[in-house]
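> Given next are the chains, with one letter for each unit.
There are 2 protein chains.
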Amino acid sequence: MNTIEGLINHRSIRKYQDRPIERDILEEIILAGSRASNTGNMQVYSIINTTDKLLKEQLLPAHFNQRMVINAPNILTFCADFNRFKRWCILNNAEPGYDNFLSFITAATDALLVSQNVAVAAESKGLGICYLGTTIYNADKIIEILKLPKGVVPITALTIGWPEESPLMSDRLPVKAILHEEVYQDYDENSIKEFYNEKEQIEENLNYIKENNKMTLAQVFTDVRYKKKDNEYFSEKLFSVIKSQGFI
Amino acid sequence: MNTIEGLINHRSIRKYQDRPIERDILEEIILAGSRASNTGNMQVYSIINTTDKLLKEQLLPAHFNQRMVINAPNILTFCADFNRFKRWCILNNAEPGYDNFLSFITAATDALLVSQNVAVAAESKGLGICYLGTTIYNADKIIEILKLPKGVVPITALTIGWPEESPLMSDRLPVKAILHEEVYQDYDENSIKEFYNEKEQIEENLNYIKENNKMTLAQVFTDVRYKKKDNEYFSEKLFSVIKSQGFI
Numbered sequence: 001m002n003t004i005e006g007l008i009n010h011r012s013i014r015k016y017q018d019r020p021i022e023r024d025i026l027e028e029i030i031l032a033g034s035r036a037s038n039t040g041n042m043q044v045y046s047i048i049n050t051t052d053k054l055l056k057e058q059l060l061p062a063h064f065n066q067r068m069v070i071n072a073p074n075i076l077t078f079c080a081d082f083n084r085f086k087r088w089c090i091l092n093n094a095e096p097g098y099d100n101f102l103s104f105i106t107a108a109t110d111a112l113l114v115s116q117n118v119a120v121a122a123e124s125k126g127l128g129i130c131y132l133g134t135t136i137y138n139a140d141k142i143i144e145i146l147k148l149p150k151g152v153v154p155i156t157a158l159t160i161g162w163p164e165e166s167p168l169m170s171d172r173l174p175v176k177a178i179l180h181e182e183v184y185q186d187y188d189e190n191s192i193k194e195f196y197n198e199k200e201q202i203e204e205n206l207n208y209i210k211e212n213n214k215m216t217l218a219q220v221f222t223d224v225r226y227k228k229k230d231n232e233y234f235s236e237k238l239f240s241v242i243k244s245q246g247f248i
Numbered sequence: 001m002n003t004i005e006g007l008i009n010h011r012s013i014r015k016y017q018d019r020p021i022e023r024d025i026l027e028e029i030i031l032a033g034s035r036a037s038n039t040g041n042m043q044v045y046s047i048i049n050t051t052d053k054l055l056k057e058q059l060l061p062a063h064f065n066q067r068m069v070i071n072a073p074n075i076l077t078f079c080a081d082f083n084r085f086k087r088w089c090i091l092n093n094a095e096p097g098y099d100n101f102l103s104f105i106t107a108a109t110d111a112l113l114v115s116q117n118v119a120v121a122a123e124s125k126g127l128g129i130c131y132l133g134t135t136i137y138n139a140d141k142i143i144e145i146l147k148l149p150k151g152v153v154p155i156t157a158l159t160i161g162w163p164e165e166s167p168l169m170s171d172r173l174p175v176k177a178i179l180h181e182e183v184y185q186d187y188d189e190n191s192i193k194e195f196y197n198e199k200e201q202i203e204e205n206l207n208y209i210k211e212n213n214k215m216t217l218a219q220v221f222t223d224v225r226y227k228k229k230d231n232e233y234f235s236e237k238l239f240s241v242i243k244s245q246g247f248i
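Heads up: the protein sequence lines correspond to chains A and B, in order. What the first sequence shows, in this note's numbering, is residues 1 to 248, in sequence order. What the second sequence shows, in this note's numbering, is residues 1 to 248, in sequence order.
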């Protein structure tokens, strides 16, 4: 499988074999991750590799009890990290000026590009991965469990291991729905209907509507999966974490 | 070259041949991008493909006059985009609750994972890319030029084209500097010195110190390249863009 076939073939893996990841493979995919573009070559990120059963059990509720957190041999938590860089500055008579929102976004960007490189490298080795979007929801708890110092904020995490399932590919919007020529081409009723039509017709999605007693698939998102009230609650929490970790 | 060799072989390309990117290749790499993991399969991002000379000239100052913005045949601007998803919700009697900070970070995350997949796919085709970190510095100007509506914020951009240079690989910190076992292992003076030693000895970096009349490489970062005052100025600007685009 060439690189593009590998990217297109991606599916999230939530069930893993009871088999550790060999150390040389782990280090190879982290090395591949570290080659990703980053801001000014400052590499303002860190990766925490957690395999300990007790730690994973502590992480479980922070990740909304998604079972793969326990089931996967490794959890890789990708953090925005200005702590290491600041320490280097201070040791070198340089006064760091990174206690601000731009620096947080810079470091988060670095962390995310690395995470995707690691995901791609892992899959090319036959490993399976699943992102834990919950990382930013309960960043405060993860900071405590993983002992993250000031200047460090968890941005995303991957469960990773040898796959024990081979799920179907999930749907995606057509390329023309996400790609704009020259400038943004805003959507109208017709284009929205056209672009989301396939998604709305998938049996699994039709079942979601029924199971949740909703009228439309969009309502499953707004009323069940990603609710305004929850988003507002977790917004405030995330914002105060960024603050308390020294970025605002 | 297999996938991992390709990732490790990455270098940023700033000089491009005067040759357009074939449409089928462009669509193939965007398709590969769209297969990246994303939040709840909402795909809350958009990509603007800009090739028009006049538009690129307008983008140039927003990207701090980096010449590759003009020199590259294509600029791909990756945006956090809840506009499309919200329109779909409204058309389907669903009330979107995504006017908040968490939704901004969610959409920015989606956009960044896609951008890295596109970068990897492009390089596997022999194309060269360079990230434009300046995208978040002058997001306000880019919003104007690319006509981004409310709910859309540019997060990063790639210059992309057929390479006209083959630069050396840039340095990276050793894997043990960025990888922590089980929980965060904080750094001490010795580990910082060890991990940054290679970077400090690189001739190009020694030259930066001389050219800028500084004592240490760290001072080149804090006093010249990424200054506190600039970071604070651009923090406020970025924050007000996120607000005016409807995310806070």
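These are computed hints drawn from the structure, not numbers from a lab. Worth double-checking, as some hints may not be accurate.
Since the list can't tell identical chains apart, any single copy or any two copies may satisfy a pair.
[Unchecked claim] Think about it this way: if two alpha-carbon atoms lie no more than 27 Å apart in a straight line, the pair counts; the simulated DSS-like pairs of lysine-lysine are: (1) K210 x K229; (2) K53 x K243; (3) K214 x K243; (4) K53 x K125; (5) K227 x K243; (6) K56 x K228; (7) K229 x K243; (8) K53 x K15; (9) K237 x K125; (10) K176 x K229; (11) K176 x K199; (12) K210 x K56; (13) K229 x K53; (14) K193 x K227; (15) K237 x K15; (16) K150 x K125; (17) K214 x K147; (18) K56 x K176; (19) K150 x K243; (20) K125 x K243; (21) K229 x K125; (22) K176 x K237; (23) K237 x K150; (24) K243 x K210.
> Confirm or reject each hint.
Outcome of the hint check:
Proximity of K210 to K229 under the C-alpha cut-off of 27 Å is restricted to the intra-copy arrangement: shortest distance 23 Å within a copy versus 54 Å between copies. For a Cα distance limit of 27 Å, the shortest separation of K53 from K243 qualifies neither inside one copy, at 31 Å, nor across copies, at 41 Å. Proximity of K214 and K243 under a CA criterion of 27 Å is satisfied in neither setting, with 38 Å inside one chain copy and 32 Å between copies. Taking the shortest Cα distances, K53 and K125 sit within 27 Å of each other inside one copy (24 Å), while across copies they are farther apart (41 Å).
Taking the shortest Cα distances, K227 and K243 sit within 27 Å of each other both inside one copy (24 Å) and across copies (20 Å). Taking the shortest alpha-carbon separations for K56 and K228, neither the intra-copy value of 29 Å nor the inter-copy value of 38 Å comes in at or below 27 Å. In the homo-oligomer, the alpha carbons of K229 and K243 lie at most 27 Å apart both inside one protomer (22 Å) and across protomers (19 Å), since each shortest distance falls under that limit. In this assembly of identical chains, K53 and K15 lie within 27 Å of each other by CA distance solely inside one copy; the values are 16 Å within and 49 Å between copies.
Proximity of K237 and K125 under a CA criterion of 27 Å is satisfied in neither setting, with 37 Å inside one chain copy and 42 Å between copies. Taking identical chains as interchangeable, the C-alpha atoms of K176 and K229 are never at most 27 Å apart, the minima being 32 Å within one chain and 41 Å between chains. In the homo-oligomer, the alpha carbons of K176 and K199 lie at most 27 Å apart inside one protomer (15 Å), although the nearest pairing across protomers, at 43 Å, exceeds that limit. In this assembly of identical chains, the alpha carbons of K210 and K56 never lie at most 27 Å apart, being 34 Å within a copy and 48 Å across copies at closest.
When the C-alpha separation of K229 and K53 is checked against a cutoff of 27 Å, the pair qualifies neither within a copy, at 33 Å, nor between copies, at 45 Å. For the homomeric pair K193 and K227, the shortest alpha-carbon distance inside one copy (23 Å) is at most 27 Å, but the shortest distance between copies (47 Å) is not. In this assembly of identical chains, the alpha carbons of K237 and K15 never lie at most 27 Å apart, being 30 Å within a copy and 43 Å across copies at closest. Taking CA atoms no more than 27 Å apart as the test, K150 paired with K125 passes in neither setting, with 35 Å inside one copy and 41 Å between copies.
When the C-alpha separation of K214 and K147 is checked against a cutoff of 27 Å, the pair qualifies neither within a copy, at 42 Å, nor between copies, at 35 Å. With identical chains, the CA atoms of K56 and K176 are at most 27 Å apart between copies only, with a shortest distance of 22 Å across copies and 41 Å within one. Taking identical chains as interchangeable, the C-alpha atoms of K150 and K243 lie at most 27 Å apart whether they share a chain (10 Å) or sit on different chains (26 Å). Proximity of K125 to K243 under the C-alpha cut-off of 27 Å is found in neither arrangement, the shortest distances being 38 Å within a copy and 42 Å between copies.
Proximity of K229 and K125 under a CA criterion of 27 Å is satisfied in neither setting, with 40 Å inside one chain copy and 44 Å between copies. For the homomeric pair K176 and K237, neither the shortest alpha-carbon distance inside one copy (36 Å) nor that between copies (31 Å) is at most 27 Å. Taking identical chains as interchangeable, the C-alpha atoms of K237 and K150 lie at most 27 Å apart whether they share a chain (16 Å) or sit on different chains (24 Å). Within a single copy, K243 and K210 get their C-alpha atoms no closer than 41 Å, and across copies no closer than 36 Å, so neither meets the 27 Å cut-off.
Checked against the numbered hints above, the structure violates hints 2, 3, 6, 9, 10, 12, 13, 15, 16, 17, 20, 21, 22 and 24; every other hint is satisfied.
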